[in-house]
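Enquirer: The chain contents come next:
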Amino acid sequence: GDSVTQMEGPVTLSEEAFLTINCTYTATGYPSLFWYVQYPGEGLQLLLKATKADDKGSNKGFEATYRKETTSFHLEKGSVQVSDSAVYFCALSDAGISSGSARQLTFGSGTQLTVLP
Amino acid sequence: DTGVSQDPRHKITKRGQNVTFRCDPISEHNRLYWYRQTLGQGPEFLTYFQNEAQLEKSRLLSDRFSAERPKGSFSTLEIQRTEQGDSAMYLCASTKKMNTEAFFGQGTRLTVV
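As you go down the protein sequences, you meet chains A and B in turn. Residues 9 to 125 (my numbering) are what the first sequence spells out, left to right. Residues 17 to 129 (my numbering) are what the second sequence spells out, left to right.
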């Protein structure tokens, strides 16, 4: 079945440091890929998405590129802020349609990011 | 505020009791999903509805679990004869049918003692 593997956390960085959170996936067909973020006390929010190979999703300074050849979707940000402290989840959708509203999302286990001032 | 409401936010129950959770999706979202999230893990899919029809159920959804969405609006998730292993965060999400992001509620945290 489909699966998502994320780098284990927690990750602690100083403000303005470079961030990479690794994500690899296993899926049949052509999944869409997502990064969700969960701030303390809040629900999951979609951060960015990519629907086909070589697409780059971006939002709030975060980027991730859909790499079919390496089955990866690593999250990056050039300069993190304290307000980026949250749990980040990589996910895929199991249908070949370009949205997060496919039949279901398969999530990784999450990576806790703490940014220190 | 994502617009998806879940009630209650927290529930503590004794083993063997029945519990029911409610989810109110964003108005006019015709797809509704339930997920379960245990500590340190990502959400796991349980079931989803398109309007009032329950279209898919995960193997995680044992016979003790039942979900309904009677009028295609709010949904309930009931767990009968709760077990300690049912302790988790239960998340609800809603979407329009195609090409929109999934909006998640804040979840209901269940503790079975």
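Among the hints, a few may not be true.
As the list claims (entries may be wrong) - Below, computed lysine to any residue pairings styled on SDA-like, alpha-carbon distance capped at 20 Å:
id : chain 1 : residue 1 : chain 2 : residue 2
1  : B       : K112      : A       : T59
2  : A       : K64       : B       : M105
3  : A       : K60       : A       : R75
I should point out that these hints are in silico values taken from the structure, not numbers from a laboratory.
Enquirer: Does the structure break any of the earlier hints, and which numbers would those be?
Expert: When the structure is compared with the hints, only number 2 turns out to be violated.
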